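Trainee: For reference, the chains in residue letters:
Protein chains: 4
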Amino acid sequence: MTIKSVKKTIFKIIEPSKDNDKVSHIFDIVIISLIVINLITVIADTFALPPYAKKISKYIEIISIAVFTVEYILRLWTSDLLRPNLNPAKARLKYFFSFMAIIDLLAIIPFYLPMFISIDLRVLRSLRIIRLFRIFKINRYTKALNTIGTVLKNKSSQLISSMFVVFLLILIASVIMYNVENKAQPDQFNNVFQAMWWAVATLTTVGYGDIYPVTVLGKILSAIIAVLGIGMVAVPSGIISAGFSEVIDNNDEEGKKKYCPYCGHKID
Amino acid sequence: MTIKSVKKTIFKIIEPSKDNDKVSHIFDIVIISLIVINLITVIADTFALPPYAKKISKYIEIISIAVFTVEYILRLWTSDLLRPNLNPAKARLKYFFSFMAIIDLLAIIPFYLPMFISIDLRVLRSLRIIRLFRIFKINRYTKALNTIGTVLKNKSSQLISSMFVVFLLILIASVIMYNVENKAQPDQFNNVFQAMWWAVATLTTVGYGDIYPVTVLGKILSAIIAVLGIGMVAVPSGIISAGFSEVIDNNDEEGKKKYCPYCGHKID
Amino acid sequence: MTIKSVKKTIFKIIEPSKDNDKVSHIFDIVIISLIVINLITVIADTFALPPYAKKISKYIEIISIAVFTVEYILRLWTSDLLRPNLNPAKARLKYFFSFMAIIDLLAIIPFYLPMFISIDLRVLRSLRIIRLFRIFKINRYTKALNTIGTVLKNKSSQLISSMFVVFLLILIASVIMYNVENKAQPDQFNNVFQAMWWAVATLTTVGYGDIYPVTVLGKILSAIIAVLGIGMVAVPSGIISAGFSEVIDNNDEEGKKKYCPYCGHKID
Amino acid sequence: MTIKSVKKTIFKIIEPSKDNDKVSHIFDIVIISLIVINLITVIADTFALPPYAKKISKYIEIISIAVFTVEYILRLWTSDLLRPNLNPAKARLKYFFSFMAIIDLLAIIPFYLPMFISIDLRVLRSLRIIRLFRIFKINRYTKALNTIGTVLKNKSSQLISSMFVVFLLILIASVIMYNVENKAQPDQFNNVFQAMWWAVATLTTVGYGDIYPVTVLGKILSAIIAVLGIGMVAVPSGIISAGFSEVIDNNDEEGKKKYCPYCGHKID
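Residue numbers (this note's numbering), protein chains in the order written: chain A, 383 to 650; chain B, 383 to 650; chain C, 383 to 650; chain D, 383 to 650.
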C-alpha cells in the first residue's frame with residue numbers, strides 16, 4: 383500500500399459520505415458529535431460548575447482539540463485531490479483560504495496561541511461552535527439550502543446596494559437625531575454612536591425601549607424612520623421573492639424546452 | 383338493524399357533515415359549541431369566581447368530559463371505516479396516532495389521570511381548547527387553508543433549512559454575546575440561556591426591552607443580529623411567495639393544457 | 383324646471399367630479415375642506431384651549447353638522463339614481479346600509495342624539511374624521527387603491543383563514559402562558575386576557591416590554607411564539623405577493639389572447 | 383485652447399469616471415474621500431475633543447467648503463453640456479433644481495449664511511453627509527440600485543396610496559385612542575400627538591414601550607392596530623415583490639420574442 387493510496391482512502395473518508403460509504407459516514411457522525419459535545423461544554427461552562435465537571439470539561443477540550451487538529455492536518459494534506467487540475471501547492475493554498483477551512487482553523491488555534499503569547503483567548507474558544515455549519519455538508523437539507531444560497535447570491539448586488547442605502551440612512555438619521563435630541567437627553571444621546579444604536583433599533587423595528595426621542599422634532603423624525611423601516615423589510619422581501627420565482631421559472635423553462643408547446647411531443 | 387349498520391350510521395354522523403346530512407350537521411354544532419363553552423370556562427376560571435359560578439364550571443366540565451369521552455370511543459371504534467383497505471386493527475392504530483386523535487385524547491385524559499396517580503394536571507386541562515382546530519373540518523375556509531398548507535408543505539425543506547440556519551445563528555450569537563456582556567451585566571447575561579433569550583427577542587424584532595447590550599461591542603453585535611433579523615423575515619416571505627405563485631402557476635398550467643396555444647381549440 | 387331635473391342636477395353635483403364638471407369639483411373641495419377643518423378641531427380640542435378658540439371650535443362644529451346633514455339628506459334622496467334598475471325605496475335602503483353612508487350617518491348622529499337621550503357621545507364625535515376616506519373618491523390614486531382592494535378581496539378567504547389560525551394560536555398560547563407564568567408574576571399575568579395582550583404583542587413583534595415571561599418555561603414558549611410570529615408576517619406577504627402577481631398575469635393573459643403566439647397576428 | 387474646450391475638459395473630469403478616464407477617476411476619489419473625512423469630523427465633533435483636534439476639524443471644514451464650493455460652481459457652469467438640446471440658461475436652471483444639486487448646495491450654504499444673518503446653522507452642517515449619496519454615481523452597484531429605483535417608481539402610485547390609507551388609519555386610531563386612554567393616563571396620552579406617536583410605534587411594530595394602553599378598551603384597540611400593522615408590512619412587500627417579478631418578466635419577454643415558441647427558430 384503506497385502513500386498515494388493511503389491518501390486517497392483518507393480523502394474518501396474525510397469527504398462528506400456517499401450513501402454506500404459506511405466508514406465515511408461513521409467519521410462524519412463522530413466529528414459532528416464532537417462539535418455538539420463542545421457546544422454543550424461551552425454552554426455548561428457559563429454556569430457555576432462543581433470541580434469534577436470542570437475536569438470533565440477540560441478533558442473533553444483536550445480530546446476535541448487533538449481530534450480537530452489531526453482532522454485539519456489531514457484535510458489540508460488531501461486538499462490537493464479536491465482540485466486535481468491545479469498543482470498541489472496552489473490547491474492547498476486555495477483550500478487554506480476557503481470559508482470552511484478558516485472556520486476549522488479558528489476552532490483550534492485559540493488552544494495553541496497561549497503557548498507562544500500570554501493572552502487570554504477564551505472568547506475565541508466559543509468560535510468552535512461555528513463548526514456546527516459543517517452539519518450542512520452531511521444532511522438532507524443541503525439541496526434546499528443551496529437553492530436559498532443561489533437566490534441570495536443571484537440577488538447579492540441588489541441586496542448589498544439596498545443595505546448600503548439603509549447604511550447611509552442610518553448615518554444621516556443618527557447625525558440629525560444627535561443634534562435634535564442631545565440638548566433634551568444629554569445622557570441618552572451623548573454622541574452619534576448612541577444615536578446610531580437608536581437608528582438601528584428603530585429601522586429594524588426591534589425597539590428595545592432603552593433609548594427613544596422625547597422632543598417633538600425627534601418624535602417626528604423617529605416616525606419617519608420607523609415608516610422607512612417597513613421599506614427595509616419590504617424591499618429585501620420583494621428582491622428575494624423575485625429571486626425564488628426566477629429560480630422556479632428557470633426550472634420550468636428547462637422543462638418547457640424539452641416539449642413542443644404545440645403538440646406535446648419531445649424535442650431533441 | 384345489525385351492529386354493522388349501526389356503526390355505519392354513527393360513522394356518517396361523526397364525520398364532517400355534507401350539505402344534505404342534517405343529523406351530522408347538528409352533531410358538529412353540538413361538539414363545537416361544547417368546545418367553545420369549555421374555552422369560556424377555562425378563561426373564566428382564571429378570574430376570582432363566586433362559588434355558584436365555580437359549581438357551574440365544574441358541571442360543565444363533567445358533562446364535557448362525558449361527551450368527549452363517548453365521542454372519542456366512537457371515533458376510535460368507527461375509524462376502521464376511514465381506511466377500508468387496511469385491516470381493522472391497523473386502521474385503528476393509525477387513527478390512534480393521527481394528529482387530531484392525539485389532541486382529542488389529550489383533551490380528556492387529564493380528567494382521568496388523577497384517579498390513578500396523585501398529580502395536579504390542571505395545566506393540561508387547558509389543552510382542551512386545542513380541539514378548536516376541529517372547527518377547520520367543518521367551515522367554508524377549509525379550501526383556502528388547504529392551499530396554505532400545501533404551500534408550506536411544498537416549501538417545508540427550504541423553510542426548515544432556513545430555520546436551521548437561524549437556530550445556528552442564535553446559538554453562535556448567544557455564546558459570543560454572553561462572553562461580551564457577562565462582565566458588564568452579570569445579572570442580565572448570567573448564562574448562555576439568558577443570551578439566547580436576548581438573541582430570539584432581537585432576531586424576531588420583538589425587543590421587549592428586558593435585556594439588551596450596554597457595551598459598545600455588544601451593541602455592534604446586536605445591530606448586526608437585528609439587521610440579519612430582517613433576512614429572517616425576508617427569506618421565508620420570499621420562499622412562501624414563490625410557493626403561492628407556483629400553486630397558481632400550476633393551476634394556470636392545467637388550464638393551458640386544455641387549449642392549444644396555437645389555434646385555441648380544446649385538446650383532449 | 384321640474385323636481386326631477388333639480389334632483390338630477392343635485393345628483394351630478396354630489397357625485398365625484400368628472401374632469402369637466404366645475405360645480406361638482408367645487409362641491410368636493412368644500413366637503414373635503416370641511417372634513418379636514420373638523421379633523422384639526424378634533425385634534426385642537428385635546429389641548430387646553432383659550433375660551434375664544436373653544437368658541438370658534440363650537441361654531442365650526444355647528445356649521446359642519448348643518449352642511450353634513452343637508453349633504454346626507456341630499457345623498458339619500460338622490461341615491462335612487464345610483465341604481466336606476468331598482469325601485470326607489472329598495473335603492474335608497476341599499477344606499478342607507480352601504481359602508482360610506484353608514485360612516486356619513488355616524489359623523490352627524492352624535493350631535494342630534496343628546497337632544498333625545500342624555501348621554502355624552504363626545505367620543506363618537508371623533509368618528510367624524512372617518513369621513514376622510516371620502517378623499518379616495520376624488521383623488522388620482524383611486525385606480526391604485528382599487529388594484530390593492532381587488533388583490534385583498536381575491537385573497538380574502540386565504541387571508542381570513544390564516545388570521546383565524548393566528549387567532550387560535552393566540553388563544554391557546556394565552557391559556558398555556560397564563561398557567562405557566564401566573565405563579566411567578568401574579569400581578570402581570572393575573573388572568574387570560576392579560577396573557578392574550580402579551581400574545582398579541584409578541585406575535586405581531588411589537589413587544590412594548592410592559593409584560594414578558596420570567597420563568598424558563600415561559601421564555602421557551604415565548605421564543606416559539608415569537609418565531610411563529612415571523613410566519614404571521616411571511617404568510618400574508620406571500621399570499622398578497624401572489625395576489626399582485628396574479629393581477630398582473632391576468633392583464634398579460636388578456637393581452638396574449640388577442641395575439642397568436644406563433645405568428646403574432648391578431649386573433650378575433 | 384479656448385474657453386469652450388476648457389469647459390469640455392472640466393465637464394469630462396467632473397462627470398462620473400468612465401473606465402479609461404484616469405483624471406476623472408482621481409477627481410471622484412478625492413471628492414468621496416473629502417465627504418467621508420467630513421462625515422468622520424461630524425461624528426468626532428459630538429465627542430469632547432482636545433483643543434488641537436478642534437483646530438484640525440476647523441481646518442478640514444474650511445478646506446472642504448472651499449473645494450465643494452469650487453466643485454459646485456464648476457458643475458453649475460458646465461451643466462448646460464448635460465442637456466445639449468436645451469438653451470444654456472434653461473439647462474442650468476433645470477440642473478439647479480435637480481435632487482443632487484440641491485443636496486450639494488445644502489452642503490455648502492450653512493457655512494456662508496452666518497456672514498449675512500446671525501443664526502446658528504450648525505445642525506444644517508450635518509446635512510453635508512447627505513452628499514454620501516454621490517457614492518452611488520461611481521460604484522459598481524449603480525445598476526442594481528437603478529433596478530430597485532425603477533421598481534419603486536413603477537409601483538409608486540400603489541405604494542403612496544397604501545401609505546395614505548396607513549396615514550388615515552394612524553389619524554383615526556390616534557383620535558379614538560386619545561379619547562379611550564386620556565382619563566386613565568393623562569400624563570401619557572395628554573393630547574392627540576402623543577396618541578399618534580403611540581400609533582406609529584405600534585403600526586410599525588417598533589414598540590419602544592414608552593407609551594402603551596392600560597385600559598381594556600385601549601388594549602383591544604391596540605391589538606387590532608398591531609394586527610393591521612402586519613398588513614402594513616405585507617401589502618408593500620406584495621406590491622414590491624410583484625414589481626420585481628414584473629421587471630424580470632419584461633426581460634424574459636424580450637428574450638422570448640427572439641425565438642418562435644413553435645419551432646424554436648430565431649425571429650427577426
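Where hints are given, some of them may not hold.
Distance condition first, Cα-Cα at most 30 angstroms in a straight line; then the derived DSS-like pairs of lysine-lysine [what the hints assert, rightly or not]:
| id | chain 1 | residue 1 | chain 2 | residue 2 |
| --- | --- | --- | --- | --- |
| 1 | D | K437 | A | K601 |
| 2 | C | K535 | D | K601 |
| 3 | B | K436 | D | K437 |
| 4 | D | K601 | A | K565 |
| 5 | A | K535 | B | K390 |
| 6 | C | K535 | B | K440 |
Per label pair, the in silico range of CB-to-CB distance [stated by the list, open to error]:
| id | chain 1 | residue 1 | chain 2 | residue 2 | range |
| --- | --- | --- | --- | --- | --- |
| 7 | B | S439 | C | S415 | 54 to 64 angstroms |
| 8 | C | L488 | D | S439 | 34 to 44 angstroms |
| 9 | A | K565 | D | V596 | 23 to 33 angstroms |
| 10 | A | I602 | D | I408 | 46 to 56 angstroms |
| 11 | B | V596 | A | I484 | 41 to 51 angstroms |
| 12 | A | I602 | C | A426 | 14 to 24 angstroms |
| 13 | C | L599 | A | A448 | 32 to 42 angstroms |
Source of the hints: derived by calculation from the structure; they are not laboratory data.
Owing to the predicted nature of the structure, the values given are computational and were not obtained by experimental measurement.
Ideal Cβ positions, reconstructed from N, Cα and C, are used throughout, including at glycine.
Trainee: Work down the list of hints and note, for each, if the structure agrees.
Mentor: Hint check results:
{"no.": "1", "hint": "K437/D / K601/A", "verdict": "violated (34 angstroms)"}
{"no.": "2", "hint": "K535/C / K601/D", "verdict": "holds (28 angstroms)"}
{"no.": "3", "hint": "K436/B / K437/D", "verdict": "violated (79 angstroms)"}
{"no.": "4", "hint": "K601/D / K565/A", "verdict": "violated (34 angstroms)"}
{"no.": "5", "hint": "K535/A / K390/B", "verdict": "violated (58 angstroms)"}
{"no.": "6", "hint": "K535/C / K440/B", "verdict": "violated (44 angstroms)"}
{"no.": "7", "hint": "S439/B / S415/C: 54 to 64 angstroms", "verdict": "holds (57 angstroms)"}
{"no.": "8", "hint": "L488/C / S439/D: 34 to 44 angstroms", "verdict": "violated (60 angstroms)"}
{"no.": "9", "hint": "K565/A / V596/D: 23 to 33 angstroms", "verdict": "holds (31 angstroms)"}
{"no.": "10", "hint": "I602/A / I408/D: 46 to 56 angstroms", "verdict": "violated (41 angstroms)"}
{"no.": "11", "hint": "V596/B / I484/A: 41 to 51 angstroms", "verdict": "violated (31 angstroms)"}
{"no.": "12", "hint": "I602/A / A426/C: 14 to 24 angstroms", "verdict": "holds (18 angstroms)"}
{"no.": "13", "hint": "L599/C / A448/A: 32 to 42 angstroms", "verdict": "holds (39 angstroms)"}
Of the hints listed earlier, those the structure fails to meet are numbers 1, 3, 4, 5, 6, 8, 10, 11, in rising order.
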